[in-house]
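Sequences are here, hints too, so could you generate the full structure?
From first to last, the protein sequence lines are chains D, H, W and L.
Numbered according to numbering that gives the first Met the number 0, the first sequence spans residues 0 to 204.
Numbered according to numbering that gives the first Met the number 0, the second sequence spans residues 0 to 204.
Numbered according to numbering that gives the first Met the number 0, the third sequence spans residues 0 to 204.
Numbered according to numbering that gives the first Met the number 0, the fourth sequence spans residues 0 to 204.
The set of hints was computed from the structure by calculation and includes no laboratory data.
Do not take every clue at face value.
The list treats identical chains as one, so a pair stands whether inside a single copy or across any two.
Claimed, not checked - List time: in silico DSS-like cross-link candidates among lysine-lysine, alpha-carbon distance up to 30 Å: (1) Lys41 with Lys147; (2) Lys169 with Lys75; (3) Lys202 with Lys41; (4) Lys202 with Lys139.
All values reported here derive from a predicted model rather than from experimental measurement.
4 protein chains.
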Amino acid sequence: MTLSKTSISALFAAVTFVSGSLIVVQTSVADSSSTVIAPSSKTPIVNRAITESEVLAAQIAWGEALVAISTTYDMKGIDAAKALAEKVIDAAYGYQFGPVLFNPTLTVGAQTFRTTRAGALAYFVGGDPAFPMDKGFALKGWRKVEIKNAAIFISGNTASTMGNVIITGKDGNVTIVDKTWQFFKDDNGKLRIILHHSSLPYKGK
Amino acid sequence: MTLSKTSISALFAAVTFVSGSLIVVQTSVADSSSTVIAPSSKTPIVNRAITESEVLAAQIAWGEALVAISTTYDMKGIDAAKALAEKVIDAAYGYQFGPVLFNPTLTVGAQTFRTTRAGALAYFVGGDPAFPMDKGFALKGWRKVEIKNAAIFISGNTASTMGNVIITGKDGNVTIVDKTWQFFKDDNGKLRIILHHSSLPYKGK
Amino acid sequence: MTLSKTSISALFAAVTFVSGSLIVVQTSVADSSSTVIAPSSKTPIVNRAITESEVLAAQIAWGEALVAISTTYDMKGIDAAKALAEKVIDAAYGYQFGPVLFNPTLTVGAQTFRTTRAGALAYFVGGDPAFPMDKGFALKGWRKVEIKNAAIFISGNTASTMGNVIITGKDGNVTIVDKTWQFFKDDNGKLRIILHHSSLPYKGK
Amino acid sequence: MTLSKTSISALFAAVTFVSGSLIVVQTSVADSSSTVIAPSSKTPIVNRAITESEVLAAQIAWGEALVAISTTYDMKGIDAAKALAEKVIDAAYGYQFGPVLFNPTLTVGAQTFRTTRAGALAYFVGGDPAFPMDKGFALKGWRKVEIKNAAIFISGNTASTMGNVIITGKDGNVTIVDKTWQFFKDDNGKLRIILHHSSLPYKGK
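Laid out in structure tokens, this is it:
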């Protein structure tokens, strides 16, 4: 077999892309001058990389969970709300890996950082004598969550977001926070929050 | 604002997914009972994760480059082929990071592993007195490359493939190799080969 | 060769570790019953993983840089301080990758998030009409920085920290902030800040 | 507080490192001119990065396991050897994540790649009618394993090695293979083999 002039030209067209970056090839690999038979996209795969859509879904899930805890509290009381909060923490945060880098919006002093599961639970539903300042952030009647990302950085098996989260209570009051999340994809392919820094916007003076 | 019975049901439908994995939410977040306003997919993003399609494109590019070097050699001679091979290595491999884990198909003895750029170039085009056994693998008249992946593992910012690569020469001879590649996404967002193990299939006895 | 009873026992001692996790082996591989000759620790290596000591060094470097900009401003004026701030941003942040997730302590409104290099520079040294609220945070006479981490999460090629940073001015005034950083190891093996969320501690009410 | 000339010099010494890479600071942060109080190295940490010593330990563990299976077979028979092989596979490989990229040394044809646990077990101990060519590689009387790495690439939460593994049987026969491994750190902090390509060295002609 020898190549026709046409296919040779095609090859050199491909070659001109080589310098400076990974070779870019024609996507129409099925055309007659093609000399590479593309691999199938049906290969068995393990994929531990995070996609943007997985990040957005995890953010929405966090918002849904906050509203669900608030609504459960209003409808069924503190025990049901606490039980749900525990499920949410166990499902959405990464305390099974060790400390979570969690700085909630309204924590103070030596209890600012909630690196333990107990600290996170106390923040969301209160009632823990070890965290006496906690009134239960998730019990405050939240009914609506809006997420506005300023930027996202996906490193590979972890992804970070920064932006505003606007939450609205059943009384119509609106709270805006600056929020940073980092998600880590676990061995089951689920995203878990391993970093969460929330703060009230600076007011200036 | 108070929630209607309908929207409460919707919330609890969402909540039932909580246990055992990250909360799965309804994708129809725009419906009237929705309480979460999804983040925009237009956020500025840095994405260092590797997708399956990037992996397949990088494999195809390797095949195109092999055929291009062979064809260049036949049409323009060794100097042009060597110049092209250098461009290919610099564009597609990761020697700028340090040693590449490269075990070509036909290398022997103390020169089996080509962890340096010079060793890779010698393997592809020969002519290096430091690698006297090398005859120039990419000069052997290759005209067609077919890639058949057995499996892919994407870790995040790196991805690995294993399978067969079938290469056909201009004389119609077919060579099959077992090939493993690992690609790493660099600071420019390009995939680079940082591991390449190629071997002839075991023949049994 | 047949194994003595002693070496068989040693083997089975090793085997008892197998279940439940990766096999743990005796480190005294050189003893007479050993059957594995350990690989050398002198192997050529590319290492893109981040160590804890690299994280701590990068934090200290950030503190040194803040003090250096402040001191340069006091000694040499705004032009020298701005030139230094540009070097610091280019050396320590990851704007060459794209947007950086940067929420400085004192920014407000639509300019809260400084995802661009220009926004970061304006925050540190002011003087940019596009960021009229910025007075130049790094010009405020800082002389001392103390870093108190609450927790660290190293994902692999990226690492995150959360804790307090206490900065002291030349007048002795002390400012405490809650600070989250995420560092990413670049192609040159250097850590770069790709996320930085700083906030004043919540005051309660 | 004003800085003495001495401490100013120290600052500018630090500053001269700024351009071109992340700022390198003096490690003697406790000296009198220091302006940064280093973070403690006692911070609670989650560390998913892989170290070189973890890689070497995992390689040794693989060698110990191979010898242990062989010795168990000789001493206790096939049932005990098979039971041990299952434990080894479950402890050291990553089949719980999905397909493992495993190309053993002596496999042929359509069964070259052992992406399933059953395929790996058949290769090591034989006796599976679904893999009729397998005679049980780990049953061949192996008593000694030597590992010689050519190069290592640590990406972050995954690490790859390439080199020779020399295995010696109880009859003194020596087999050398070219071997590539990729290890992935799991949610429990253990390294698991997610890629393993082994081949007999090319013989030339």
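Each hint tested on the structure:
no., hint, in the structure
1, Lys41 with Lys147, "between (35 Å within a copy, 10 Å between copies)"
2, Lys169 with Lys75, "within (16 Å within a copy, 56 Å between copies)"
3, Lys202 with Lys41, "between (53 Å within a copy, 28 Å between copies)"
4, Lys202 with Lys139, "both (23 Å within a copy, 19 Å between copies)"
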